[in-house]
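Enquirer: Next come the chains, spelled out residue by residue.
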Amino acid sequence: MKHWWWKFMAVVLLLIASIAGLRVPLSPALVHVSPSRIMPGEVMIDVTGYNTRFADGMRTYLVNDNQYVCPMRVDVMDATHARIVAEVPAGMRASMTDIVVQGMTYPGAFFTESLGEGIESGSCAPTPPKLDLTGLGFTFPNRSILYESIRNLFFHVPMWFTMIALMGIAFWQSIKVLGNTDLERDRAARSAVQVGLLFCGLGLVTGAVWARATWGAFWTNDVKLNGAAVTALIYLAYLVLRGSIPDLYKRARLAAIYNIFAFVLLVLFLFVVPRLNEIDSLHPGNGGNSGFNDLDLDNRLRIVFYPAVAGWVLLGIWMVDLRTRTARLIEQMDR
Amino acid sequence: MRAFATTALLTLTALNSMAQDAAPSWLEHTLHGNGKINTVVAVVAIIILGLGIWMWRMDRRLRAMETRQRN
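Residue numbers (numbering that gives the first Met the number 0), protein chains in the order written: chain X, 0 to 334; chain S, 0 to 70.
Rather than coming from a laboratory, the hints here were simulated on the basis of the structure.
Among the hints, erroneous ones may be present.
Ranges between beta-carbon positions, derived for each pair [as the list claims (entries may be wrong)]:
id : chain 1 : residue 1 : chain 2 : residue 2 : range
1  : X       : T219      : S       : D58       : 51 to 61 Å
2  : S       : L50       : X       : W218      : 52 to 62 Å
3  : X       : M332      : S       : M54       : 47 to 57 Å
4  : X       : P106      : S       : A44       : 57 to 67 Å
5  : X       : G117      : S       : H28       : 35 to 45 Å
6  : S       : M54       : X       : F260      : 29 to 39 Å
7  : X       : D74       : S       : H28       : 22 to 32 Å
8  : S       : H28       : X       : S35       : 15 to 25 Å
9  : S       : H28       : X       : D45       : 17 to 27 Å
10 : S       : D58       : X       : R334      : 16 to 26 Å
11 : X       : P245      : S       : R59       : 23 to 33 Å
12 : X       : T104      : S       : R62       : 23 to 33 Å
Remember, it's a predicted structure, so these values are computed and weren't measured experimentally.
Each residue gets a CB set at the ideal place from its N, CA and C atoms; glycine is no exception.
If we strip away everything but chain X, and leave its shape as in the complex, we get (with noise of 0.2 Å):
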């Protein structure tokens, strides 16, 4: 029991995570309404929603700089689908008109002409009525470009923070191979290393992935992505210096004498760099704002986040536990 139970955890939490990160539902949210233009007179607007439930005699108006257009008509086609009818008056004061319909807004939804002084404004909507999420349960925020894909934080996410804790660790037996030279927090610190590339390759692949679908391509110009490849080829580049020195205690002090310089590396890398005010980055929580702030990071995914990344972690330790000992007893026979 003493020796498994973070084991145990480790299979534990990703389950709890993994179950919960796929099965949770978003919460409803219009994702589409054309046309994107109007003009005044008579305009039918087709609205779909996500998750929604449309039902007849639902509010539904559209808001131009906070004047309110009263719809003719709503056909509620299902649960998702609906058509609006409504006549657009001239002279709204926005270039811009969102759409709210049972209270879920879809901002900026169409191009406005025929600007002037303002309209009179409709009385349907004086208080936009709150998103009605009774018996939903427990929902995910649904966010327009990335809709179901915001549950690649519990899959995306946690491989950095497994790579950056397995670095750390390596970092630390680096530093205490210094003092004493001792062989078997070597072998510890390279599976840390080995273990890490790969969660950083998987991050790195599976954030390509997410930007192809959120971004539009595989690999964009950002601060982070830039950083994360660079921080990997210095990890490459340790191990390429270990299997160039034959000598194992030369190479033990030279190699945690580098990977002190990697690690610091890392840090400047993944955290100062993309901090840094003057650059922009696509990254949520870089570009002059710290990370992990309310706006970034909703309530309801930290509670499935936290768990995901504790398992990962734990995980990857395990990992670097079973590399370790693969290591010495290999290096045992060879002696």
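With chain X fixed as given, assemble chain S onto it according to the hints.
Expert: What follows is chain S alone, placed relative to chain X:
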């Protein structure tokens, strides 16, 4: 041999240009399908594949040790 190489190269280039025409719509269609849930499926698949490759390499390492112990 050279003819073969040229043919292969031309075929590859042709395939590549076709892929460039077809890829965005196909890929977009797959990744964006069902509210982009397929992106999550792809990410989970990649992670399982990566861990599988790691397990396979570990297996090979152990097998090599077993063989050496027997000899």
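Enquirer: Determine for every hint whether it applies to the structure shown.
Expert: Hint by hint, here is what the structure shows:
no., hint, in the structure
1, X:T219 with S:D58: 51 to 61 Å, "violated (37 Å)"
2, S:L50 with X:W218: 52 to 62 Å, "violated (24 Å)"
3, X:M332 with S:M54: 47 to 57 Å, "violated (22 Å)"
4, X:P106 with S:A44: 57 to 67 Å, "violated (34 Å)"
5, X:G117 with S:H28: 35 to 45 Å, "holds (43 Å)"
6, S:M54 with X:F260: 29 to 39 Å, "holds (32 Å)"
7, X:D74 with S:H28: 22 to 32 Å, "holds (29 Å)"
8, S:H28 with X:S35: 15 to 25 Å, "holds (21 Å)"
9, S:H28 with X:D45: 17 to 27 Å, "holds (21 Å)"
10, S:D58 with X:R334: 16 to 26 Å, "holds (24 Å)"
11, X:P245 with S:R59: 23 to 33 Å, "holds (24 Å)"
12, X:T104 with S:R62: 23 to 33 Å, "violated (60 Å)"
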